[in-house]
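*Asks:* Residue numbers (numbering that gives the first Met the number 0), protein chains in the order written: chain V, 0 to 344; chain A, 0 to 390.
In short, the hints are calculated from the structure, not lab data. Please note that the accuracy of each hint is not assured.
Unchecked claim - In the EDC-like style, the derived pairs of lysine to aspartate or glutamate whose C-alpha atoms are separated by at most 16 Å in a straight line are: (1) K178(A) with E167(A); (2) K267(A) with E117(V); (3) K267(A) with D121(V); (4) K315(A) with D283(A); (5) K73(V) with E33(V); (6) K135(A) with E171(A); (7) K215(A) with E30(A); (8) K305(V) with D86(A); (9) K146(A) with D232(A).
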Amino acid sequence: MREKKCLRIGIPRALMYYKYFPYWLTFIKETGMEPVVSEKTSYVNLSRGVEECVDDVCVALKAFYGHVLRFPEKVDCLMIPRLISVEKRKYDTFTCPKLIGLPDMITGFDECIPKTVEFVLDVARTPAWKSAVDFAAKLGVGRREALRADIKASRAQKNAELEALKGKKIDDIEKRFLNGSDDDEQVPDSENTEQIYWWRKNGSPAVALIGHPYLIYDPFLSSDALRFIENHGLSVVTPAGMPADSIEEEASKYADISWSYERELIGAASLAFNDPFIDGIVMIESFACGPDSIITEIINREIRGKFSPDKPMMTMVIDEHTGRAGVHTRLEAFIDMMLRKNLRK
Amino acid sequence: MGNSYIPLSALLRRIGFDPIIPSFTNKSLIEAGIAASPEFVCLPFKINMGDLIDALDEGADVLAMVCGMWACRFGYYGRVQHSILRDMGYEFESFLIGREDIRVIIAKYKSWTGSGNLKMLKSAFEGFRILKLKAKAVDSFERKARKARCREVNEGETDSKLEEVLAELHEEDDFARVKQIMREGVKSLDSVMTDESAKPLRVKLVGELYMVLEPKLNFEIERKMGCMGVEVDPVLSTYRWILKPLHFDRSLHKTEEYAKKTSAPYIKHELGGEEHWTVAGIIDAFNEGYDGVVHVYPLTCMPENICRMIIPSVVKDYEIPVLNLCFDEHTSQVGVSTRLEAFIDLMKARRAEADGGKGRRSSSCGLSSSDTEKPGKRSNADGRTLRSEGV
Numbered sequence: 000m001r002e003k004k005c006l007r008i009g010i011p012r013a014l015m016y017y018k019y020f021p022y023w024l025t026f027i028k029e030t031g032m033e034p035v036v037s038e039k040t041s042y043v044n045l046s047r048g049v050e051e052c053v054d055d056v057c058v059a060l061k062a063f064y065g066h067v068l069r070f071p072e073k074v075d076c077l078m079i080p081r082l083i084s085v086e087k088r089k090y091d092t093f094t095c096p097k098l099i100g101l102p103d104m105i106t107g108f109d110e111c112i113p114k115t116v117e118f119v120l121d122v123a124r125t126p127a128w129k130s131a132v133d134f135a136a137k138l139g140v141g142r143r144e145a146l147r148a149d150i151k152a153s154r155a156q157k158n159a160e161l162e163a164l165k166g167k168k169i170d171d172i173e174k175r176f177l178n179g180s181d182d183d184e185q186v187p188d189s190e191n192t193e194q195i196y197w198w199r200k201n202g203s204p205a206v207a208l209i210g211h212p213y214l215i216y217d218p219f220l221s222s223d224a225l226r227f228i229e230n231h232g233l234s235v236v237t238p239a240g241m242p243a244d245s246i247e248e249e250a251s252k253y254a255d256i257s258w259s260y261e262r263e264l265i266g267a268a269s270l271a272f273n274d275p276f277i278d279g280i281v282m283i284e285s286f287a288c289g290p291d292s293i294i295t296e297i298i299n300r301e302i303r304g305k306f307s308p309d310k311p312m313m314t315m316v317i318d319e320h321t322g323r324a325g326v327h328t329r330l331e332a333f334i335d336m337m338l339r340k341n342l343r344k
Numbered sequence: 000m001g002n003s004y005i006p007l008s009a010l011l012r013r014i015g016f017d018p019i020i021p022s023f024t025n026k027s028l029i030e031a032g033i034a035a036s037p038e039f040v041c042l043p044f045k046i047n048m049g050d051l052i053d054a055l056d057e058g059a060d061v062l063a064m065v066c067g068m069w070a071c072r073f074g075y076y077g078r079v080q081h082s083i084l085r086d087m088g089y090e091f092e093s094f095l096i097g098r099e100d101i102r103v104i105i106a107k108y109k110s111w112t113g114s115g116n117l118k119m120l121k122s123a124f125e126g127f128r129i130l131k132l133k134a135k136a137v138d139s140f141e142r143k144a145r146k147a148r149c150r151e152v153n154e155g156e157t158d159s160k161l162e163e164v165l166a167e168l169h170e171e172d173d174f175a176r177v178k179q180i181m182r183e184g185v186k187s188l189d190s191v192m193t194d195e196s197a198k199p200l201r202v203k204l205v206g207e208l209y210m211v212l213e214p215k216l217n218f219e220i221e222r223k224m225g226c227m228g229v230e231v232d233p234v235l236s237t238y239r240w241i242l243k244p245l246h247f248d249r250s251l252h253k254t255e256e257y258a259k260k261t262s263a264p265y266i267k268h269e270l271g272g273e274e275h276w277t278v279a280g281i282i283d284a285f286n287e288g289y290d291g292v293v294h295v296y297p298l299t300c301m302p303e304n305i306c307r308m309i310i311p312s313v314v315k316d317y318e319i320p321v322l323n324l325c326f327d328e329h330t331s332q333v334g335v336s337t338r339l340e341a342f343i344d345l346m347k348a349r350r351a352e353a354d355g356g357k358g359r360r361s362s363s364c365g366l367s368s369s370d371t372e373k374p375g376k377r378s379n380a381d382g383r384t385l386r387s388e389g390v
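Chain V extracted, bound-state conformation (with noise of 0.2 Å):
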């Protein structure tokens, strides 16, 4: 099967791809595929997302029009994820509606762009493994096949959780799987649990930097936020680099709610709060977005109102019209007003 043809299938690089990309690239891999990956989101695709776009909703889903309208080479399909729920709990969970309607309302572009194949994965209610098989079946990809690949994929997702949590960058996981140099069978030790929370070792001041994946790992959207406050000599502590159980512990003080990665981010900025080797938080969150409005609410008065009303914190509001100088000028503003606060401790 794999002499016969082999299916080029495109991901844009946008929204949740710099959660599962270690996942959906290893399955696509393994299935005997290839992966295509767009190019970092610019500004000439964010422009071209921008044009067709409904105006009032986050630039985040603005970029991935671009991505796909702007798809740079030529592929046979392009992946398109449906998240309905990406865990189980004893409530319904969702993740953003926009991300549950997303192949709905790119399929309006039917004829512009390649065609789409949707990946549903709704973990509440169907497990993770069969929504592969199913994907893998529009593909013409057999349920053995689909299976080991699954299970090479899901340990591949892991193993890039567990790089990020000891603080290697996701800029160099990435780079790492795309460009697929074989060392990804070098797994890294799972019980080395030393360098969990790395930034309480590592001596330099430490900021949280808050914020849904597709915003603060995308160097554009995020005007480079995260290499820019790294440049000052800091480090800087994602959602990615918490280890997720005291995410879990601690989201789970504050009422339920029910989106998932919101859930998450909850905790983080709980965690943030509460760790005394973060010395500030700053948040991402893109104008627009329904679940942001909610949630920096929530972080604003139940959790910093309540446990650390001095320590710093920055919210920032981006949308496609964010200059970058802009960005920076606060940051810096930011960064310099932090460490004064801790000098003077």
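Fit chain A to the known structure of chain V by using the hints.
*Replies:* Then chain A, alone, in the frame of chain V:
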């Protein structure tokens, strides 16, 4: 929201509370709400915030809010609003219906009213009965008014009669009297002089619940278009909104299922809002021979924005004109009127074309044709004359 205050306040009075009905949504109230709200939540949150501040200023002790866990953010409004209000220094008891255990709510209720089990059951039973009765009455009045308004001979007759019967209904809490008012009200609305030969344009109103039902927010789109001689038919109603979660009327669930099934080819998974009603409304409007669809939603509304992106592909299959109106606190009444007028012209032209070119001429000068001619010209800053109806 709309006329829902009539049945809801009857319920609260029955079970022993004194409902405070905030003043009808007005400018200063909206501004107070906006000042206290996060920047980019949708308009209903902000309006609701204004209402709550108003109610607290008038001395409310208990704030009740329906809460839940859906994909739409509405489920968290109660939680966030109440914590904002507390931070503003208001003191009140909060009542998050749906989030708290039913037993907790019952215990709270008992301690507030000091009533025993039996008395509580009795008042709850009577309360919900009057709720259903009044909701039904409001619904039937609104239906009648909708039909009559676009055909009325004496302008404004329908609205004055509707106002009258609604006021009467709101005052009365006795079952027999409410039933009587319902019968009389329907009769009174039936007696509106109408032009039976008129063939008004028919428009379906779809979109986000609050925008569809609250006339002060959508600039009375239903009444305004009615006065321009268009029959407006909202897919959502107060009756449905109040009674569906209470499981009192089974037919509501059937229609809900129907809407989900109809919209399934376009929306494969529910998003937590009224998206299936919007898409099903468009498909129905096409099948039932409507002239157009007006889609209203607040800025940054998640489910309706998704609909907005899906609508082009729906319209490709079911050819019908759709007007998208997005509202926020800056939307101006004149802007909405102008767009509605243009949309009505378009529908007229379409209908004339479908009739085989007959009457094409009269429709091309739609603004001056007799059924859109209403008094009340007003000049805007440019000195151009825009038409606005009885503001």
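*Asks:* Need the list of violated hint numbers for this structure, in ascending order.
*Replies:* none
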